[in-house]
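**Q** Letter by letter, the chains look like this.
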Amino acid sequence: MRMFRSVTIGQHIPGDSVIHRLDPRTKILSAMFLIVLLFVVKGFVGYGLVALGLALVIRASRIPWKFVIRGLRPLMVILVLTLTLHLFMTEGRVIFQVWFLKVTWEGLIRGLMMGTRLVLLILGTSMLTLTTSPMQLTDGIETLLKPGKKIGIPAHELAMMMTIALRFIPTLLEETEKIMKAQMARGADFQSGGIMQRARSLIPLLVPLFVNAFRRADDLAIAMEARGYRGGEGRTKLKELKFQRLDAVALGLVITFSVLVGAFF
Amino acid sequence: MSIRLENVIFSYLEDTPLNQAALRNVSLEIEDGEFVGLIGPTGSGKSTLIQHFNGLLKPSSGKVFVDGVDLTLKDTQLRLIRQKVGMVFQYPEHQLFGETVLEDVGFGPRNSGLPDEDVVQRVREALAHVGLDYETLKDQSPFELSGGQKRRVAIAGVLAMRPSVLILDEPTAGLDPQGREEILAEIKQLHDEGGITVVLVTHSMEDVARLVDRLIVMEKGSIALDGTPVEVFAQVERLKEMGLGVPEITELMYELKSHGLDVNTDILTVEEAEEEIIRVMGWQE
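Protein chains in written order, with our numbering: chain A, 1 to 265; chain B, 1001 to 1285.
These are calculated hints, taken from the structure and not from any lab test. Treat the numbers as computed from the prediction; the structure is a model and nothing was measured. You may find that some hints are simply not true.
To be verified - Derived DEER-like restraints, expressed as beta-carbon distance ranges:
{"id": "1", "chain 1": "B", "residue 1": "H1203", "chain 2": "A", "residue 2": "I35", "range": "31 to 39 Å"}
{"id": "2", "chain 1": "B", "residue 1": "D1176", "chain 2": "A", "residue 2": "T236", "range": "25 to 33 Å"}
{"id": "3", "chain 1": "A", "residue 1": "F67", "chain 2": "B", "residue 2": "D1133", "range": "54 to 62 Å"}
{"id": "4", "chain 1": "B", "residue 1": "D1266", "chain 2": "A", "residue 2": "R200", "range": "54 to 62 Å"}
{"id": "5", "chain 1": "A", "residue 1": "T236", "chain 2": "B", "residue 2": "T1136", "range": "48 to 56 Å"}
{"id": "6", "chain 1": "A", "residue 1": "L75", "chain 2": "B", "residue 2": "K1063", "range": "48 to 56 Å"}
{"id": "7", "chain 1": "A", "residue 1": "A213", "chain 2": "B", "residue 2": "M1281", "range": "54 to 62 Å"}
{"id": "8", "chain 1": "B", "residue 1": "D1116", "chain 2": "A", "residue 2": "S192", "range": "50 to 58 Å"}
{"id": "9", "chain 1": "B", "residue 1": "R1079", "chain 2": "A", "residue 2": "A213", "range": "40 to 48 Å"}
{"id": "10", "chain 1": "A", "residue 1": "I13", "chain 2": "B", "residue 2": "K1063", "range": "35 to 43 Å"}
{"id": "11", "chain 1": "A", "residue 1": "T236", "chain 2": "B", "residue 2": "K1074", "range": "52 to 60 Å"}
As the list claims (entries may be wrong) - Each computed DSSO-like pair below joins lysine-lysine, with the alpha-carbon atoms no more than 30 Å apart:
{"id": "12", "chain 1": "B", "residue 1": "K1074", "chain 2": "B", "residue 2": "K1138"}
{"id": "13", "chain 1": "B", "residue 1": "K1150", "chain 2": "B", "residue 2": "K1084"}
{"id": "14", "chain 1": "B", "residue 1": "K1063", "chain 2": "A", "residue 2": "K178"}
{"id": "15", "chain 1": "A", "residue 1": "K178", "chain 2": "B", "residue 2": "K1074"}
{"id": "16", "chain 1": "B", "residue 1": "K1220", "chain 2": "A", "residue 2": "K178"}
{"id": "17", "chain 1": "B", "residue 1": "K1084", "chain 2": "B", "residue 2": "K1058"}
{"id": "18", "chain 1": "A", "residue 1": "K66", "chain 2": "A", "residue 2": "K146"}
{"id": "19", "chain 1": "A", "residue 1": "K181", "chain 2": "B", "residue 2": "K1220"}
{"id": "20", "chain 1": "A", "residue 1": "K181", "chain 2": "B", "residue 2": "K1138"}
{"id": "21", "chain 1": "B", "residue 1": "K1150", "chain 2": "A", "residue 2": "K181"}
{"id": "22", "chain 1": "A", "residue 1": "K181", "chain 2": "B", "residue 2": "K1063"}
Unchecked claim - Coverage of chain B stretches by chain A, computed from C-beta distances (three or more under 8 Å per stretch; other residues unrestricted):
{"id": "23", "region": "1083 to 1089"}
{"id": "24", "region": "1097 to 1109"}
Backbone N, C-alpha and C define an ideal beta-carbon position, used for all residues, glycine too.
Pulled out of the complex, with its shape left as it was, chain B reads as follows:
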């Protein structure tokens, strides 16, 4: 399922003196099955941008198409779009409300009018995707779970809609390293095996370097850079100007190069760096 934005401009407080453009003329196309990373400094318009993908915000001018359907038209059924484009907000556990995990995760499917047995099936499946066991959790209160589990239950609440596009706004913020790894691995699996299009908003260069096929960098409401992680991270200086950086290991390779070592700088992970240094130095293992 593809998402296409054409010349989207959006401002908050449009008809007041406090008017400020949060998006300035953004055009962008996300293809079916892509894994896109979205980065940018705080206030660059990332959160505003993703809320256009499922019609939570409507552009002040410009067009948004999801699967060819124009979201800016008045009679577009946004509820149907929102079933297909799932959105996980920052700290999604702050939106839990159900008395039981089953009730909370089943909220989305019930809203689309599915019968009970289908809802249960969806919940079971969604919990499995985030590595939780349906039988042990279904009757527990979501408020009694640990922080990491709450986060997973909240993400499952979106997955239960069986979206074909999944948008996540900093899904690992505030989790411990193990929790982060696990959640990212589960998202990766959903993309690789489930064929879901994923848009991941994050501040971690390491995460995007490892996971995504394509990286979009936002600055002051516009798209500043767009390409594969290797292409984007080649613009080290530009990224630093924006107050962003590159993965530490990539920066190390640039440092080595500037000190006269003839290494390839298209390096995103420690393993790649290891091989490259061994190759350049002519060491044998």
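Next up, chain A with everything else stripped away, as it sits in the complex:
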């Protein structure tokens, strides 16, 4: 039952490197610049430069390379799929042909570009989540979305929902494990049988899980109201986000880098 303990997506590694100390807003905006940049850049030189920049950031964050690379593992399937699809589906100068499958130069180039783009995208965004605690992240999103309130974007509510969802992921996993054990103690079998039988065998797991989740949500709502929660209006923060000189420098660098690389490559 250890499978639940190995979930690493969105994991945060505490630290006090330069990158960790940046304001979450700086990091979110930088990640957005990175995403846009990756779609503007057209050649391998550009990707190389982005990779170099990213490598410097990873270095500065002092998070072990091994850990950063591990984040790519769940994406292997998608990477391989992207590469193969592009390889075979693009028209152009044929390198070689097996039966009706043609491998073309254009396909190879495009597949590699797409693959690089995906890898850089994941590495960049995981730098954001690895160095920023979920609380900081939602705080940052909330402040960034605040101007959108005028056009009806519920910034605070979205941020609160994210915080709560993140907070309860481990709780729900633990609960799942507990219920599975209890039903296994009564002879339930979650592993064998055909698809229908397996789906049926999930009922004794899912029903209590949902019942408990709703009960917990009720309790949480009451506990929040009991402590005076009335939504985002007039709510102050324990830790105010501070945009420091470091952030200005970092954001300046990111913007300059993006504009230059985006314009010339």
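Use these hints to put chain B onto chain A, whose structure you have.
**A** Only chain B this time, still in chain A's reference frame:
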């Protein structure tokens, strides 16, 4: 049916830096028909220990035998073991799922492939054990019952497997005093009349003092004390060091003794204390 553990070591997150031993070299034998109480501070490994008794957890090293069968072997039929070793988890009502009480309590027997009429018979019998009436409850949704009734239905769901060993993890947590008394009395009856081996995990010294023949105290993943309640509660100081205590009435007798009254301190209930004080003081009724 006996349970035997030999040098069991267990750690969660075994191959990660967060590795921590939850059980450190536990050896233990529970004989057929015993009523064992298991106490210990939070995090002492009680819940981890009992999950070894029916193979829900497997030791990192060491052996577990149930009725002579080695649970650590790959080809052991754990489903058969789990029918014999019933386990009631904490807040078992949080695991209810059936549309009706009959469906929920009958889950275990149906999993062992019994025909319908046998399942009904088992459910009827299991509900009777926990003091509930089959006819009035069978078609009700378990979610509409009161808290105490839900707890009983959940316990019945384990009893319906007709286990020869029953393990209960704090079965009375969160119940009112009357509910607690009733459930404990029913467990006692299952042991005394049904001949079931019972392992009761609890925080209540009063409960174990009254009910069990043998008391095992866990501390930091090891067995700290093991003996009859009288023997274990004689170690007042040791128990207090662990953040545990002795039944209040036993503590009273120790206090009396330390103030110079020559009472016997092997006292576990108020009635025994009453007799003892009357005896020592030479009062006549």
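**Q** Now tell me, hint by hint, if it's right for this structure.
**A** Taking the hints in turn, this is what the structure says about them:
At roughly 53 Å, the beta-carbon separation of B:H1203 and A:I35 lies outside the given 31 to 39 Å, and the hint is violated. Distance hint check: the CB atoms of B:D1176 and A:T236 are about 41 Å apart, inconsistent with the given range 25 to 33 Å. At about 59 Å, the beta-carbon gap between A:F67 and B:D1133 stays in the expected band of 54 to 62 Å. One distance hint, 54 to 62 Å for the beta-carbon pair B:D1266 and A:R200, holds here, with the actual separation near 55 Å.
For the pair A:T236 and B:T1136, the beta carbons lie near 55 Å from each other, so the given range of 48 to 56 Å is met. Checked against the hint of 48 to 56 Å, the C-beta distance between A:L75 and B:K1063 comes to roughly 42 Å, which is inconsistent with it. For A:A213 and B:M1281, the hinted distance range of 54 to 62 Å is satisfied, since their beta carbons lie about 59 Å from each other. Checked against the hint of 50 to 58 Å, the C-beta distance between B:D1116 and A:S192 comes to roughly 23 Å, which is inconsistent with it.
Against the hinted window of 40 to 48 Å, the Cβ-Cβ separation of B:R1079 and A:A213 comes to about 29 Å, which falls outside the hint. Between A:I13 and B:K1063 the C-beta distance comes to about 39 Å, which sits within the given range of 35 to 43 Å. Distance hint for A:T236 and B:K1074: a CB-CB separation of about 59 Å, consistent with the stated range 52 to 60 Å. Pair hint B:K1074 plus B:K1138 does not hold up; C-alpha atoms about 39 Å apart against a cutoff of 30 Å.
Restraint check for B:K1150 and B:K1084: the C-alpha separation of about 23 Å stays at or below 30 Å, so the hint holds. A threshold of 30 Å between alpha carbons decides the hint, and for B:K1063 with A:K178 the separation of about 24 Å falls inside it, so the pair holds. Of the pairs offered as hints, the one joining A:K178 and B:K1074 holds, with about 23 Å between alpha carbons and a cut-off of 30 Å not exceeded. Note on B:K1220 and A:K178: the hinted pairing holds, with a Cα-Cα distance of about 22 Å set against a maximum of 30 Å.
Under the criterion of a C-alpha separation no larger than 30 Å, the hint pairing B:K1084 with B:K1058 is consistent with the structure, at around 17 Å. Using a Cα cut-off of 30 Å, the hinted pair A:K66 and A:K146 is violated, with the two alpha carbons roughly 37 Å apart. Straight-line distance between C-alpha atoms of A:K181 and B:K1220 comes to about 23 Å, which keeps the hinted pair within the 30 Å bound. For a cut-off of 30 Å, the pair hint linking A:K181 to B:K1138 stands: about 25 Å separates their Cα positions.
With a C-alpha separation of about 19 Å, the suggested pairing of B:K1150 with A:K181 holds against the 30 Å cut-off. Proposed proximity of A:K181 and B:K1063 is supported: the alpha carbons are some 21 Å apart, at most 30 Å. Chain A is given as covering the region 1083 to 1089 of chain B, and this holds because 4 residues of the stretch bring a CB closer than 8 Å to a CB of that chain, at least three being needed. Check on the region 1097 to 1109 of chain B: 3 of its residues sit with their Cβ under 8 Å from a Cβ of chain A, so the three-residue criterion for coverage holds.
When the structure is compared with the earlier hints, violations turn up for hints 1, 2, 6, 8, 9, 12, 18 and for no others.
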